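Peer 1: Following the hints, position chain X against chain Y.
There are 2 protein chains.
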Amino acid sequence: MATQFYSKRNLQFLLYEVFDAQSLTQYEYYQDHARETFDMVLDSAEQIAEKYLKPLLTEMDRKEPQLVDGKIKIHEGMFPILKKFGEDGWINAGFSYDEGGQQIPSTVLGAAAFIFQAANYSSSVFPFLTSGAANLIRSFGSEELKNTFTPKMYTGEWQGTMALTEPDAGSSLSDITTTAEPTENENIYKIKGQKIYISAGDHDGCDNVIHLMLAKIKGGPAGAKGISLFVVPQKRLEDIGDRESGLLSEYRTPKTEHRTTNIEHRLTNNDVITAGVYHKMGYKGAPIAHLMVGSNDNTFGYLVGEPHKGLSYMFQMMNEARIGVGMNAAAIGTAAFYASLEYAKERPQGRVISDKDITKPQVQIIRHADVKRMLLFQKAVVEGSLSLLVHCSMLSDLAHVTEGEEKENYDLLLDLLTPIAKTYPSEMCCLTTSAAVQILGGAGYTTDFPVEQFYREARIHPIHEGTTAIHGLDLLGRKIILKNGKSLTLLVAEIMKTIEQANQHETLKPHAATLMKYLGKTDTVTKHLLSLAGKDLEIFLSDATLYLELFGNVTIAWQWLVQGIKATEALQAGASGDDANFYQGKIHTLRYFYEYELVKVESLMKRLLSEDNVTVEMRGEWF
Amino acid sequence: MATQFYSKRNLQFLLYEVFDAQSLTQYEYYQDHARETFDMVLDSAEQIAEKYLKPLLTEMDRKEPQLVDGKIKIHEGMFPILKKFGEDGWINAGFSYDEGGQQIPSTVLGAAAFIFQAANYSSSVFPFLTSGAANLIRSFGSEELKNTFTPKMYTGEWQGTMALTEPDAGSSLSDITTTAEPTENENIYKIKGQKIYISAGDHDGCDNVIHLMLAKIKGGPAGAKGISLFVVPQKRLEDIGDRESGLLSEYRTPKTEHRTTNIEHRLTNNDVITAGVYHKMGYKGAPIAHLMVGSNDNTFGYLVGEPHKGLSYMFQMMNEARIGVGMNAAAIGTAAFYASLEYAKERPQGRVISDKDITKPQVQIIRHADVKRMLLFQKAVVEGSLSLLVHCSMLSDLAHVTEGEEKENYDLLLDLLTPIAKTYPSEMCCLTTSAAVQILGGAGYTTDFPVEQFYREARIHPIHEGTTAIHGLDLLGRKIILKNGKSLTLLVAEIMKTIEQANQHETLKPHAATLMKYLGKTDTVTKHLLSLAGKDLEIFLSDATLYLELFGNVTIAWQWLVQGIKATEALQAGASGDDANFYQGKIHTLRYFYEYELVKVESLMKRLLSEDNVTVEMRGEWF
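If you're matching them up, the sequences are chains Y and X in order. Heads up, the first sequence is in this note's numbering, so the first residue is 1 and it goes up one at a time. Heads up, the second sequence is in this note's numbering, so the first residue is 1 and it goes up one at a time.
Here chain Y stands alone, though its shape is the one from the complex (with noise of 0.2 angstroms):
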């Protein structure tokens, strides 16, 4: 088993030398932190993750969650995880005091996720889907709502879900079919229906499983415009429904209270039946629920905020899941690159190629040049990811400080590079744990190493919180248009203001110029696309995916750039040792990302910038 699985040292040089994310402690309600807190922070997810997590990384692929007697029993191992995550605060960290948080901004806390996904995806997610859930309520939800169901989530007894999928409405969300059926009380509704891929949505780790979830009240309009949100719990608090006033408030759990033994006598069935759990092809930990709600008609739950306003509170949160799949693909992606990188310096094979003398001894495999690309391409990808996802977590906390126009511009910075920030690293990382792979040959594909295990679990992620193809029409379909193309002005700004400081730097300038260069020609591919969407918008979106791809390019080069800058700066500044090395590494991860990774920018424009339009024309009777 590979020892390390992610750089300490980067994700400091990311937070701190990058971002100044101890810049955050100037605005008041970060003022309580400093660096030593978020550094506290980050050795306390390290503790955890070494010490609960990683151990368990291997076993829980092997021994699935199972279905028995309508219950998901999870990996055992699982159990003093989640009692953790509760007791120590991780699950509401990031709220405000008020709410029993400790307003640690989502920089620091979405790296401590980063270090716990890397060691161990499956058990990473559990109280991250809590923390999104409670956010939900929090955010939306009347003051009942939130002292009713927060208080437990908050300590990890309760487990949050999404439940937004069902049989006929992935994708499209808007065809969803559960419905709700108005009671007496108008904050209370009857639910029907099924939820399918519902992460995390029944286990016997948790006393009861909150579920956000999104239907149709009967009688409102069709589509998108008529879906609402709201909390099904597994079980729900004995008498629901039979008092008038609103949400049992008798059964309100005190804030401070911790897990109780008696709690569970006063929770009775709400009818939501697990109907099954996926076996699938990674990501095995982590229990996968299909939900029959409401089956004997026996169902409430609870609206959130207003009718038919579901689909777009669960949208105002999903800047943060998004970011935080990236962040999974980018963590599993660093796990398998340090699995790999730990194999290439010990395993020898071969000679170099300018020395193919038999009786010396073998070299290790990293003083092949092909070993080094395959590594070189994973650290770019990764580091890359992960460099654009601490930026995004910055717009985000920053967005949440300040305001006006400043915290609107934060804002639509990020709404722009959210499909990027999901869908880069969740696509390459598919490539990056397939080099890792290579790079273990024939060991690389039996279990007796973990990077199998990480090519596995990397694929779920151009899949869920939106396919690739989904957040590529986001992209060129919206974001990109959105205020009259304010957000891509805005990008555009920040990335050319990198170019100057880069401009300062001899050794950068090369790197700069080509930046510049590449976004010149994604400007015209953009223009270019725009021009069709006036003619034929089938046309115009048909290659979105493409376009994603080549966007995320350019981004991925702007943030090496933007690391390239500070490592010349410490470079210049007499960095030595380790530390040198450190930044050496960088410089030449970013010649490796413009010599290898930008230039396939070429190959997309060409394609994008075709009137052929073969994948329109194309018929199913023709496959």
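These are calculated hints, taken from the structure and not from any lab test. None of the values given here were measured: they were computed from a predicted structure. Heads up, some of the hints might be wrong.
What the hints assert, rightly or not - Below, computed lysine-lysine pairings styled on DSS-like, alpha-carbon distance capped at 27 angstroms:
#: 1; chain 1: X; residue 1: Lys-517; chain 2: Y; residue 2: Lys-521
#: 2; chain 1: Y; residue 1: Lys-360; chain 2: X; residue 2: Lys-535
#: 3; chain 1: Y; residue 1: Lys-521; chain 2: X; residue 2: Lys-521
#: 4; chain 1: Y; residue 1: Lys-535; chain 2: X; residue 2: Lys-517
#: 5; chain 1: X; residue 1: Lys-517; chain 2: Y; residue 2: Lys-218
Said to hold, decoys possible - Interface residues of chain Y toward chain X, partial, derived using beta-carbon atoms under 10 angstroms:
#: 6; residue: Gly-534
#: 7; residue: Glu-538
#: 8; residue: Lys-566
Glycine is no exception: its CB is placed at the ideal position from the N, C-alpha and C atoms.
Peer 2: Frame of chain Y, contents of chain X only:
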């Protein structure tokens, strides 16, 4: 479970319309055959695939081989399959009548193998491994070796293997340490060592395993020049070594004899111990063994051919094995393509971009341009690959029946194309199976559909029979400069011939011109790289993998133009109905390939012409 797993129509198109396999029957060796016999072979393969192989696809993946009391137990469903392969003469079908074979061209046998592989890859490897091992014995072994070992290999009672890899010698075969110590009999040696990753290296579906094993005769030259080839049976014929006159002539099995019940007791253990069975990401149905040889100083091996020529014998058989791997990859890719095509035609989700009316029902996802793109991608790769593989098989058959310069030219062309035929399908089908998963979305990630299995199974091919990097070095460092570049000259002449033919058709002229252009670009890159060879070997070969990718891409573009010509001619000749659909599919996939795939040469070329040697300059301590 998907119903279609390959296209008979496409196979017939390639065999008869494109490559004129029936022309082989003009040669004396194949004169007893006709298209009818070829079709019978293929029909028979399809029947076996449908009845025996395909039903076990999922089960063999779920119930892996296990090592029990020193013996690998395979899925019991394999037993009748192994019997069938032997009884029906699949193992020696390609060999001469003298050897009990049927003189079926490898073009036809390869196509039959493709059907088996597409139905169930793991189950398909057993007979072909035996075939390959027997081929080594019949090509280079003594009459006694042939007569002793091949008959029971042909009946499938004895399994054959290629035993090359060792713990410290995978890509670097020169470094094997398995030793062969001479005995009193000059043809018999005592063997000692370890072999790993031996496909079908031990299992309970056969009476004996015949390893074609590389070992070094003590006192021989260092490195590759000291490697000899031995037949090392798992069980030897009893009393072996006690007789002076070779290999137990009295125990030779008469050629016509089939499985007998009393053979077991004539066999005695040859001290080949199965130390382990590998558990793998995919390809799980095939038992891959770790063997300890001569641990008790009691393993005898029989020298094949002359001492120290083992590696050259092995490599003379390598083309076959490598084309076989390309075929495996293309077959798995094909099965995934049809599984995702079926899903895309059935699954309603979303609406076409030009009509988003939510009150209308959802459309099948095959209507979405991005889904068609992912289907076209798969079709372009798997059918382009299969075209090249059939072409290579034809070259092999033609080399078999011709002489002098004609034969030499076929051999040279085949040698040059082999690294492409092995690598292009292997690398690309990792990506096409990924596209298949993506089309199914969440469903594709679950074990409820076969695509995730195809994704896992595809991943072995860039590793075995020489990693992609090894083939890159083979192409750039050896094949293109062999005989003063005669192979390359021959290939370019073939491609030019295709371009000329395409120029006869107005609709194909643009594609002909594009291919011409990229052929020129390939030439520019080749000349640039060769100019580096004299200066710095390390730099010259540092991007050999990328050169292979570029070369492969252009080669498959050529294969698509070849297919496009035939399709165009068929449409001109008035093809209608399903036939017209088939040819339209070809034309549109050709278009797809030139629009989306061939353009990748632009980026590759840009990198390959660059002077930045970042992978060579990168150092281990900077990672």
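Peer 1: Taking each numbered hint in turn, which are not upheld by the structure, reported in ascending numerical order?
Peer 2: Of the numbered hints given earlier, those the structure breaks are 4, 5, 6, 8, listed in rising order.
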